[in-house]
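Participant: Single-letter residue listing:
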Amino acid sequence: MSAPVAPRTLDELMAQALTMEREAVARYTELAEMMEVHNNLEVAELFRKMALYESHHVEQILADMGWAEDTLAPRVAGAWAGPESPESVPIDEMHYLMHPWHALQLALAAEQRAVQFFESLAASAQSDAIRRAAEEMRNEEIEHVQLVRNWLAKVPPPEPGWADDPDPPRYDN
Amino acid sequence: MSVTLAAPPAPTAADFKSDYKPIWCPGCGDYTVLGSVTKALAIIGRPSHEVAVVSGIGCSSRIPAYTSCYGFHGVHGRALAAGTGLKVARPELTVVVAGGDGDGYSIGGNHFLHACRRNVDLTYLVMDNHVYGMTKGQASPTTEPDWDNKLSPGGTGVRAFHPLVIALASGANFVARAFSGDPNGTAQIVAQAIRHPGFSFVEILSPCVTFRPEQRQWKELVHPAPVAETDDPARAARRIMSDDGFNIGVLYAGSRKPYARSSAATATLAQIEAEFAL
Numbered sequence: 001m002s003a004p005v006a007p008r009t010l011d012e013l014m015a016q017a018l019t020m021e022r023e024a025v026a027r028y029t030e031l032a033e034m035m036e037v038h039n040n041l042e043v044a045e046l047f048r049k050m051a052l053y054e055s056h057h058v059e060q061i062l063a064d065m066g067w068a069e070d071t072l073a074p075r076v077a078g079a080w081a082g083p084e085s086p087e088s089v090p091i092d093e094m095h096y097l098m099h100p101w102h103a104l105q106l107a108l109a110a111e112q113r114a115v116q117f118f119e120s121l122a123a124s125a126q127s128d129a130i131r132r133a134a135e136e137m138r139n140e141e142i143e144h145v146q147l148v149r150n151w152l153a154k155v156p157p158p159e160p161g162w163a164d165d166p167d168p169p170r171y172d173n
Numbered sequence: 001m002s003v004t005l006a007a008p009p010a011p012t013a014a015d016f017k018s019d020y021k022p023i024w025c026p027g028c029g030d031y032t033v034l035g036s037v038t039k040a041l042a043i044i045g046r047p048s049h050e051v052a053v054v055s056g057i058g059c060s061s062r063i064p065a066y067t068s069c070y071g072f073h074g075v076h077g078r079a080l081a082a083g084t085g086l087k088v089a090r091p092e093l094t095v096v097v098a099g100g101d102g103d104g105y106s107i108g109g110n111h112f113l114h115a116c117r118r119n120v121d122l123t124y125l126v127m128d129n130h131v132y133g134m135t136k137g138q139a140s141p142t143t144e145p146d147w148d149n150k151l152s153p154g155g156t157g158v159r160a161f162h163p164l165v166i167a168l169a170s171g172a173n174f175v176a177r178a179f180s181g182d183p184n185g186t187a188q189i190v191a192q193a194i195r196h197p198g199f200s201f202v203e204i205l206s207p208c209v210t211f212r213p214e215q216r217q218w219k220e221l222v223h224p225a226p227v228a229e230t231d232d233p234a235r236a237a238r239r240i241m242s243d244d245g246f247n248i249g250v251l252y253a254g255s256r257k258p259y260a261r262s263s264a265a266t267a268t269l270a271q272i273e274a275e276f277a278l
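If you read the sequences in order, they're chains A and B.
Residues 1 to 173 in this note's numbering are what the first sequence lists, from first letter to last.
Residues 1 to 278 in this note's numbering are what the second sequence lists, from first letter to last.
None of these hints come from the bench; they were simulated from the model.
Simulated coverage check for chain B against chain A, where a stretch passes if three residues somewhere in it have a Cβ under 8 Å from a Cβ of chain A: (1) 21-31; (2) 180-189; (3) 204-218.
Looking from chain A toward chain B, a few residues come up when the C-beta cut is under 10 Å (computed): (4) Leu72; (5) Gly82; (6) Pro169.
All residues carry an ideal CB built from backbone N, CA and C; glycine is no exception.
Let's have the full structure, built from the sequences with the hints guiding it.
Facilitator: See below:
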């Protein structure tokens with residue numbers, strides 16, 4: 001995985017962060033709706049909580065920068081290595097019978113990618129102000145990682161055969 | 001006293017989403033395509049009442065209901081016919097036609113050819129997953145000939161349809177390929193397709209994780225097209241014929257004049273409505 005493009009200014013860094021957090025809110029909301037439609041309400045609620053946490057990050061960035069709520073962050077080409085922002089859970093990881101444990105594993109991976117992202121930006125920062133801001137956001141993502149780990153400690157992993165469906169969608173199952 | 005009215009705020013992607021929650025399998029690529037379409041419409045910046053989304057039948061054809069635009073969920077394979085009629089009758093609207101590979105290339109295959117040929121100024125998005133998902137996993141026109149499954153043991157043995165080549169040869173003015181796993185890139189391509197005059201065709205690779213779970217690997221296979229877009233159809237044809245099916249980007253952007261109605265309307269909307277009055 002190649003390193004993200006280093007922001008040249010604090011505004012650029014915060015714009016990248018704002019885009020990432022907004023996309024995380026949108027994706028967690030999307031995943032929650034997906035699970036609600038499939039009546040997997042326990043997992044849906046968990047994704048709603050994650051969306052709420054990420055929305056706090058959005059609010060905090062806007063407040064810190066004195067930006068209006070409808071500020072459109074310009075997309076920075078090469079801001080992250082992959083096509084999606086590091087904190088977004090890939091859609092194709094979803095399963096209609098997934099358990100909260102699976103959802104938390106996906107959230108944990110997303111939060112860990114966010115930590116790595118800000119760590120990488122802090123390492124390549126071109127000024128002290130950018131480095132401090134990147135480190136601050138990395139520390140907040142570390143708190144999220146810990147939060148998800150605490151949840152995971154309370155959630156048992158699913159039994160083998162959790163994906164068995166007596167009426168599967170595929171003929172060949 | 002003069003009153004100055006503030007300009008309405010520019011629409012955001014959220015403004016183009018309806019209140020209906022999409023009913024697709026969890027993990028389906030169509031979720032992110034929906035997000036890309038709403039982002040593209042926000043980039044275009046027209047209000048939702050100036051946009052119409054028209055579809056046929058299939059999983060991906062549910063998409064009009066999930067947008068706040070005018071929508072028409074039409075007959076199987078006939079989305080392009082309805083979309084063409086709408087655009088010719090109401091040229092001021094932005095018309096986006098959407099559907100899947102079965103709807104567009106099989107049931108609606110002939111409409112696809114002639115929509116490309118007519119070059120009406122609309123955008124056709126095909127969410128291609130190489131399978132009929134809604135009817136439980138039959139081979140579609142773009143399915144690989146050796147795809148072995150219970151419904152076609154050993155594979156169909158039939159060569160896969162090549163939609164981009166067909167579109168180019170039939171006269172489409174804009175040909176691109178996108179990938180649902182790159183929602184922002186797809187949004188940019190869709191916006192460019194909408195802005196480009198004439199018939200714009202975008203094939204969007206959109207995995208069906210239920211019937212083709214191996215398509216999760218597409219994210220490892222896709223790559224940006226190594227060459228810039230061209231307006232030379234011969235060059236574009238050579239590139240598309242020889243590509244690996246995973247080149248993402250705008251492959252052809254031509255300059256053919258879009259179809260325009262040659263005569264003025266001969267009836268008003270009220271007169272037409274009167275014809276249908278019961």
